[in-house]
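So the chains spell out like this:
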Amino acid sequence: MARAERFVEADNAEAIITRIEHKSRKIESLLKQYKPVEALKTALEGTYAMTGDERCKSAHWIAVHRALMAIKDVDGMLSSLDPEYYDILMKYLYRGLATGDRPTCDQCLRIHEKLTEKAGLGCILRFLTDTVNTV
Amino acid sequence: MASTLRPYLTCIRNTLDAAMCLQNFPCQEVERHNKPEIELKSSPELLLNPVLICRNESEKCLIETSINSLRISLKVKQADELENILTKKFLRFLSMRAEAFQVLRRKPVQGYDISFLITNYHCEEMQKHKLIDFIVQFMEDIDKEISELKMSVNTRGRLVATEFLKQFI
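Chains as they are written, first to last, in the numbering used here: chain A, 1 to 135; chain B, 1 to 169.
No lab work stands behind these hints, which were simulated from the structure alone. Since we're looking at a predicted model, the values are computed, not measured. Some hints could be false.
Listed next, the in silico BS3-like pairs over lysine-lysine satisfying Cα-Cα at most 30 Å (straight line) [said to hold, decoys possible]: (1) Lys57(A) with Lys150(B); (2) Lys114(A) with Lys144(B); (3) Lys72(A) with Lys41(A); (4) Lys57(A) with Lys41(B); (5) Lys166(B) with Lys77(B); (6) Lys130(B) with Lys114(A); (7) Lys114(A) with Lys77(B).
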């Protein structure tokens, strides 16, 4: 039973990684057109459909990281982002803060401050308590 | 350099504000015992996700929460060998007097310079926002203290060397 699940997971993982590569190409094209906010939205949506193993999570993180680093106007980005994406964005921000890489951390700290003002402490708490859907 | 300090401290303050939701919780395994669950990590359902906030490659802060306790571990920036020694000695001096600080942990967590352990009893006796103010103020003052110590060591060294070498003139 467990082995069958693992085979299904592996196939699923391949499909997921192809889907993520697809998304990455879309994100790259959006960034070339100077639309960082749309790129971030594309990167964040559908994250939970793609649960599972580390490769999918890392692939997803790379795509989101690319979109995050391209954001220059944080306030504009937050005002145009749907509230349903706040929680996922917070999770990716904390993942970015854990990397320790200076430009990533700078950007993530900047966005974190504004996002907390907008979404409140509940957003942080939802990240802390959610042990099932980690990024 | 100072430009990332403000957002770093704000991030830590907000995270602590959210994470410091502690309540009394007697030990599940042993009767009549009451232990800080974050130190034991015996039951995963009592623990929240640990949070690692890095300012850069050398400075970071790890915040781990559980139902009745919260552990904050700090790694302070150490630019050179002298600052390394000064930081270690100074923070060891503080950790040895952890009783006086109440929220300080006697030994820092592996990989960090200093750790705080805040339990629900601290939150009951003291005000939550004051505890957070204390932690953030501590982080600001540590940097200043280490630079002052370094400057005084260098000044003393220079004076001593000048005096000593005067006899050879």
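Practice problem: Decide if the proposed pair is consistent with the structure: Lys57(A) and Lys41(B), CA atoms, cutoff 30 Å inclusive. | Solution: Cα-Cα ~26 Å, so holds.
Quiz item: Between Lys166(B) and Lys77(B), does the CA-CA distance stay at or below 30 Å?
Solution: Answer violated: Lys166(B) to Lys77(B) is near 37 Å, above 30 Å.
Quiz item: Taken at face value, is the distance from the CA of Lys150(B) to the CA of Lys57(A) at most 30 Å?
Solution: violated (44 Å)
Quiz item: Can the restraint linking Lys114(A) and Lys144(B) be considered satisfied, given a maximum Cα separation of 30 Å?
Solution: holds (28 Å)
Quiz prompt | Satisfaction of hint between Lys41(A) and Lys72(A), Cα-Cα up to 30 Å | solution = holds (15 Å)
Quiz item: If you draw a straight line from the CA of Lys114(A) to the CA of Lys77(B), is it 30 Å or shorter?
Solution: Satisfied, since the Cα-Cα distance of roughly 26 Å is no more than 30 Å.
Exercise. Please work out if Lys130(B) and Lys114(A) have their alpha carbons no farther apart than 30 Å.
Key: Status holds; Cα separation ~23 Å.
Hint compliance for this structure: hints 1, 5 are not met, and every other hint is.
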